[in-house]
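Trainee: Please build the complete structure, drawing on both the sequences and the hints.
Protein chains: 2
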Amino acid sequence: MKTKEPFDMTNEEFTRYGDQILEWLAAYFDHPERFPVSGAILPGSIKKTLPSPAPSKPEPMAQIIKDFETLIVPGLTHWNHPSFMAYFAITSSRPAILGELLSAGINVNAMLWKASPAATELEEVVLGWLRRALDLPAGFQGTIHDTASTSSLVAMAAARESLQLQVREKGMTGRDLKPLTIYTSEHAHSSIERAAIVLGIGQENVRKIAVDHEFRMDAGELRNMLQRDKRDGYIPCCIVATVGTTSTTSVDPVPEIARLSKEFGVWLHVDGAYGGIAGLVPEMRWVLDGCAEADSIVMNPHKWLFVPIDCSVLYCRRPEILRRAFTLVPEYLRTEEEQVTNYMDYGIALGRRFRALKLWMVFRYFGLEGIVDRLRYHISLAQKFQSWVRSHPSFEVMAPAPFSVVCFRFLPQHWQKRSEVMMELINQLNLELLENVNRSGELFLSHTKLNGRVVLRLAIGNLRTAEEHVQKAWEVIRRNSESLEKRVGK
Amino acid sequence: MKTKEPFDMTNEEFTRYGDQILEWLAAYFDHPERFPVSGAILPGSIKKTLPSPAPSKPEPMAQIIKDFETLIVPGLTHWNHPSFMAYFAITSSRPAILGELLSAGINVNAMLWKASPAATELEEVVLGWLRRALDLPAGFQGTIHDTASTSSLVAMAAARESLQLQVREKGMTGRDLKPLTIYTSEHAHSSIERAAIVLGIGQENVRKIAVDHEFRMDAGELRNMLQRDKRDGYIPCCIVATVGTTSTTSVDPVPEIARLSKEFGVWLHVDGAYGGIAGLVPEMRWVLDGCAEADSIVMNPHKWLFVPIDCSVLYCRRPEILRRAFTLVPEYLRTEEEQVTNYMDYGIALGRRFRALKLWMVFRYFGLEGIVDRLRYHISLAQKFQSWVRSHPSFEVMAPAPFSVVCFRFLPQHWQKRSEVMMELINQLNLELLENVNRSGELFLSHTKLNGRVVLRLAIGNLRTAEEHVQKAWEVIRRNSESLEKRVGK
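Going line by line, the protein sequences match chains E and S. Under the numbering used here, think of the first position of the first sequence as 1, with each following residue one higher. Under the numbering used here, think of the first position of the second sequence as 1001, with each following residue one higher.
If you're looking for bench data, these hints aren't it; they were derived computationally from the structure. It should be emphasised that the depicted structure is a prediction, and the values quoted were computed from it without experimental measurement. All C-beta atoms, glycine included, are put in the ideal place defined by N, C-alpha and C. You can take every hint at face value.
Cβ-Cβ distance ranges computed for the label pairs, FRET-style: (1) Arg1487(S) <-> Ser56(E): 48 to 56 Å; (2) Gln1227(S) <-> Gly220(E): 49 to 57 Å; (3) Lys384(E) <-> Arg1016(S): 32 to 40 Å; (4) Glu1012(S) <-> His414(E): 51 to 59 Å; (5) Gln63(E) <-> Glu1012(S): 23 to 31 Å; (6) Glu214(E) <-> Gln1166(S): 33 to 41 Å; (7) Asn1451(S) <-> Pro74(E): 53 to 61 Å; (8) Glu59(E) <-> Asp1289(S): 25 to 33 Å; (9) Gln63(E) <-> Pro1282(S): 24 to 32 Å; (10) Gly452(E) <-> Gln1166(S): 27 to 35 Å; (11) Thr1070(S) <-> Arg259(E): 43 to 51 Å; (12) Arg1228(S) <-> Leu431(E): 55 to 63 Å.
Mentor: Spelled out as structure tokens, the structure:
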């Protein structure tokens, strides 16, 4: 009989290389400036350096780690870099990384309560902590999914189930069903439209409600659209409001929208993937106004609650409908226990990683007050950056910045009087500025378009970002703008 | 200005507690017998011990880790235990755990090539390794998803898109569309039916094709059903064949099914979540016969390729259709690069963890030959167990065991002549045996039902399971059966 040792790496190697990786990560977190935020990588250039096909013989771990350092790391965009300010800055924290290490090590599957009771119960406890800290009602049941795209899809499937059209049993084709419709703002995240595609609702049945001058859904327009659709025989299925839109972090008027949702009897889902977490900060609690009236709300701890990707939380006020939309229990998963949560009944994935552990680590290690301090600090950094942009004659702020994202653009003084007619040239100039800034490796930003205007986005949310990095970001942006300003003339 | 140190755990703490966790995991892997495979936990008992609400002040990491050990660990079912033989034994390996630690540490998002080029390119390379090692055609493009439930849903959405019915644009309601139908065996995984629900196809339009005496889809029945549905105006959307069904690990006749898929012009998806990986073993390559003709195939490295949950690979022969089913690129994610893969275009989730890294670690650290050795060993253990069951007068094997799962039941000798009329009593007895075995904490099994008969499943797939554990499993089962045998009389 073989012994079991040759079947896995030995513990001696495991702890030795584990230590080496911890040390490497520690150095990485301490001196991120060793790396450009984003390197100048040519498509396919990393692939070319990696051997193909797969090795047939075992290779030493030391070599694998060395290859990671020399072949993989130079091709990464460093989301951990304090000067990564693109998209929404996802951020990990050291206690949460240790939580993820533990999860990977114990490797339980939280599909059924019975399949690992503590994994299910810790998920219930931690999501209860977050719910209470956000002042959401006790009836909201939480589930962890991978990303907000999945959470919103799951919520919208529950909305469809709530219509009691027997879609679950009979499907949507071959029946005399009127078109189902979704209502969301033109600034909603693309995942809402994608969910409408997956659910068989279709892009043409997604009503993209106009926004006001601050990029918030126009509730009057929503009412008109709901009325028109009801009159025309459509079946309104779900309203999706956003707390913290992806482009500008605008906050839809959820209280008004919630009233319309009640009046018209339509499920209200709130996409708070980025902004919802800010509701932990007392002076930001307003961002969740009206959300207690929603049927479901998603927020992503992997965006702004200091856990590594992935971790998205969906709260649902009507879990029995959510369950009806998804549950299917084959014989091999039947268990006797009552009064337990089997999380596999509330979403798409059957197998579920033990994600609650990293969230638990963050809550306990930082404490709620510590979390609030960090969120508040990020918001204050963005407000400082905004004030610098405002006071510079060649830049303008392009949208309100309620959270930690600032939308701005470069507008050379020479062109300011003709900014409307020169919009396309100004757009080109801003894309050039973005490219130059990103190519410097000193800063990484992303962009969006608002009313036809290219806008740069600076997003703060990384635990390692301090004021010095925001100052440096502003310097890099200004420095790069100056040569462009010279080119277009004063 | 604040310094950045107070914003996260210090490196000193990170490496110190990281070391402590590595040492804890090492001891855990070495002496799993310290823990019952599955404890006798009462619903709610873990929750009760955990403080509520969330702590407002930071707590010391030492205390958090201690609470993990004393409050969480006793409530876990130990999927890592060498005597965990329920469901499909997912298994982690030490190199892959280190890979997961690195992924959590660098925390990049592999949504867009540009968002972290190396993460995308490593995923392409590693999935190319796996594809070649399985002898699947070069045209198969791979994507990593969380679980097979998601992979199959994504594949079935592509199948729907391949019908060119403009479901993406117009949806499925309010149109004169005939019902779409799905074809799969009555032994298919519940995720197929769940995907049909999500996609708006409906449970009633899932044709559950009968199986033969070895639980394989009856291709003749499939042909009849396709013909009947075509005649009756249904729109066949997708055939889902299974390589390694969940109950018995039976293998559907994919070559015949592939011919029907071509003849009727219907997308063929193969669910090889468990069994597909076995195709790496030369003498098991037959399990993938016909799969090169499929349109898509899923297999789960987190089941039997030694990476921690989650990691499911979907290969698709028609990636342009898959892309058409999902792509939506908002302005803020528009990039210039051509000739790159933006994985967010091929599935539901936008944000994507860097899962390729752990898979790369496993391929390199074990080498293909090492992986094959381990798979072969698991299969041989199951064959041994099967031979023991066969030679025992009070047990019977209930299904062929082509992989590493054995389906068997206890049939007291006294009842053997009346086994048909006493089916329910025998079922009860087997459930009692299962409960007794699992309650012992020495072994963890699960069950299924075949033709009305309760059947116990012993599944091997854990890197830490050696022959001694399978011997012990058999002893535990026999010992527990003996008292039951006495009770029913000789």
